[in-house]
Structures are given as structure tokens and as C-alpha cells.
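Colleague: Sequence:
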Amino acid sequence: MKRLMGYVVIFFGFFVLMAISANWQTWWLGQFLDAPSIIWLVFAIVGVILITGENKTFIVAINAIINKRYVLPEQTRDKAIRLFRMISKAVYGSAVIAVASSIVIMLLTLDDPSALGPMLSVSLLSAVYAAFINFVFFHPAIYLLENRRNAEQKILINERQVIDKMLELCYRQGITPEEIINAEEISFRKQDE
Numbered sequence: 003m004k005r006l007m008g009y010v011v012i013f014f015g016f017f018v019l020m021a022i023s024a025n026w027q028t029w030w031l032g033q034f035l036d037a038p039s040i041i042w043l044v045f046a047i048v049g050v051i052l053i054t055g056e057n058k059t060f061i062v063a064i065n066a067i068i069n070k071r072y073v074l075p076e077q078t079r080d081k082a083i084r085l086f087r088m089i090s091k092a093v094y095g096s097a098v099i100a101v102a103s104s105i106v107i108m109l110l111t112l113d114d115p116s117a118l119g120p121m122l123s124v125s126l127l128s129a130v131y132a133a134f135i136n137f138v139f140f141h142p143a144i145y146l147l148e149n150r151r152n153a154e155q156k157i158l159i160n161e162r163q164v165i166d167k168m169l170e171l172c173y174r175q176g177i178t179p180e181e182i183i184n185a186e187e188i189s190f191r192k193q194d195e
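Heads up, the sequence shown is in the working numbering, so the first residue is 3 and it goes up one at a time.
Treat the hints with care, as some may be off.
To be verified - The calculated label-pair distances, taken between Cβ atoms and stated as ranges, are:
id: 1; residue 1: Ile99; residue 2: Phe137; range: 18 to 26 Å
id: 2; residue 1: Arg150; residue 2: Gly95; range: 23 to 31 Å
id: 3; residue 1: Gln77; residue 2: Ile12; range: 28 to 36 Å
id: 4; residue 1: Ala117; residue 2: Gln77; range: 49 to 57 Å
id: 5; residue 1: Asp166; residue 2: Val98; range: 54 to 62 Å
id: 6; residue 1: Ala117; residue 2: Ala37; range: 15 to 23 Å
id: 7; residue 1: Tyr72; residue 2: Gln175; range: 37 to 45 Å
id: 8; residue 1: Pro75; residue 2: Val138; range: 23 to 31 Å
id: 9; residue 1: Ala37; residue 2: Val138; range: 18 to 26 Å
Said to hold, decoys possible - Straight-line Cα separation of at most 35 Å, DSBU-like style, residue types lysine-lysine; simulated pairs:
id: 10; residue 1: Lys70; residue 2: Lys81
id: 11; residue 1: Lys91; residue 2: Lys58
id: 12; residue 1: Lys58; residue 2: Lys70
id: 13; residue 1: Lys91; residue 2: Lys70
id: 14; residue 1: Lys58; residue 2: Lys81
id: 15; residue 1: Lys81; residue 2: Lys91
In short, the hints are calculated from the structure, not lab data.
Even for Gly, the Cβ is constructed at its ideal location relative to N, Cα and C.
Working from the sequences, and respecting the hints, build out all of it.
Modeller: Quick look at the structure:
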């Protein structure tokens, strides 16, 4: 619920900022929709996922972010964090390429100065989308994956540690290794210290 409220606040703040900075009569949401910019960024995200071959990691990480009880193994969690950081950088890089190519196309059409304003605003939308995607999704996802720990996390110990602890307890009780091998059951008594 807190996360949903956070998104509502972000979206509300964005719309209030846009409404205040523009004239109320001329401002509308359609000014911020540019299908080629959105498609370009989606292709960048999907492309990075396919190039790295981490599509299963991406899906598992999304599931872990949505479902709070689902905890990723540490190795998968680290792979997902690296993947999300790489996608975040790719989104910013794709936005820079989109803005630069839009400006080049805009400069090729300098014959009509009245078209420069709308073309410049559309060319900058890729940067707005990239920042928005990273700010709303990838940065919070990385934060959640880095800071989520299993509440019921079990202590992992290796076999050698178990054997060493058992031998230590046996020696404290005066039981030899031969007695351990031959014993059907060993009971440990609390020693009076």
C-alpha cells in the first residue's frame, strides 16, 4: 500500500508540475505522448534482456519485487541487480541517442522555423521517458532487491562446521570418536560448571 501511495504521489506531482508550468487551457496529457520514443525505449530494454540472455532472471526478479514473500537466492538476486543496473544505463543511453538523432533530423529541416518548437519538445520526450522509467521502476527495483532479506533466513553452515561442533560437544562430555561411531544414541548432559 505504501508503494502504491508513493507512485500516486509521484504521478500527481508530475501532473501538477506540468500543469503549473504550462497554461491550463493548452495543457493536456497528449502533449507528453510520443509513440516512437516509447517504442525505442521498450526495444532498448527488451534488447538488453535478450543480449544478456537473462530473461528468466528478469521475470523471477519482477516476481520477487511484486510478491514480498518471494525471496531470491543471493546469486540470482545479484544477477538481477546487475541486470537492472545495465538496463537502467541502456535506457539513459537510448534516450541520448534518440534525442541526438531527433535534433539532427530537426536541424535538417531548418526551412520552417515555426516547426522547431514542436520538434524540439518531441525530441526531448525520450529523455523525459528515460528518467521517468528509471525513477519509477528501475531505481526502486534495485533498492528493493538490495535491501530485501528473508525474514526467516536460515543460517547456512557447512558439513565441516557441524562435525567440528559435534566433536567439541563429545569431547566436553568425555565421549571419544570411537564411542560416537559405535553408539546407537548419544545423549548430551549439561555439565555443571
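Colleague: Now, for every hint given, state plainly whether the structure supports it.
Modeller: Hints, one by one, checked against the model:
1. The hinted window of 18 to 26 Å between Ile99 and Phe137 holds, with their beta carbons roughly 20 Å apart.
2. Checking the proposed 23 to 31 Å range against Arg150 and Gly95 shows it holds: the Cβ atoms sit about 28 Å from each other.
3. Look at Gln77 against Ile12: about 32 Å separates their beta carbons, and that is inside 28 to 36 Å.
4. Judged by the Cβ atoms, the range 49 to 57 Å given for Ala117 and Gln77 holds: they are separated by roughly 53 Å.
5. Look at Asp166 against Val98: about 56 Å separates their beta carbons, and that is inside 54 to 62 Å.
6. A hinted range of 15 to 23 Å for the beta carbons of Ala117 and Ala37 is consistent with their spacing of about 19 Å.
7. Taking the beta carbon of each, Tyr72 and Gln175 are about 43 Å apart, inside 37 to 45 Å as hinted.
8. Roughly 27 Å separates the CB atoms of Pro75 and Val138, a value that falls within the hinted 23 to 31 Å.
9. In this structure, Ala37 and Val138 meet the distance hint of 18 to 26 Å, their C-beta atoms being roughly 19 Å apart.
10. The hinted pair formed by Lys70 and Lys81 meets the criterion: a straight-line CA distance of about 18 Å does not exceed 35 Å.
11. Our distance criterion of 35 Å between C-alpha atoms is met by Lys91 and Lys58, whose separation comes to about 20 Å.
12. In summary, the hint linking Lys58 to Lys70 is supported, as the alpha carbons are separated by about 18 Å, within the 35 Å threshold.
13. The suggested pairing of Lys91 with Lys70 holds, with an alpha-carbon distance near 26 Å, which does not exceed 35 Å.
14. Between Lys58 and Lys81, the direct Cα distance comes to roughly 11 Å. Compliance with the 35 Å bound is thereby established for this hinted pair.
15. Under the criterion of a C-alpha separation no larger than 35 Å, the hint pairing Lys81 with Lys91 is consistent with the structure, at around 15 Å.
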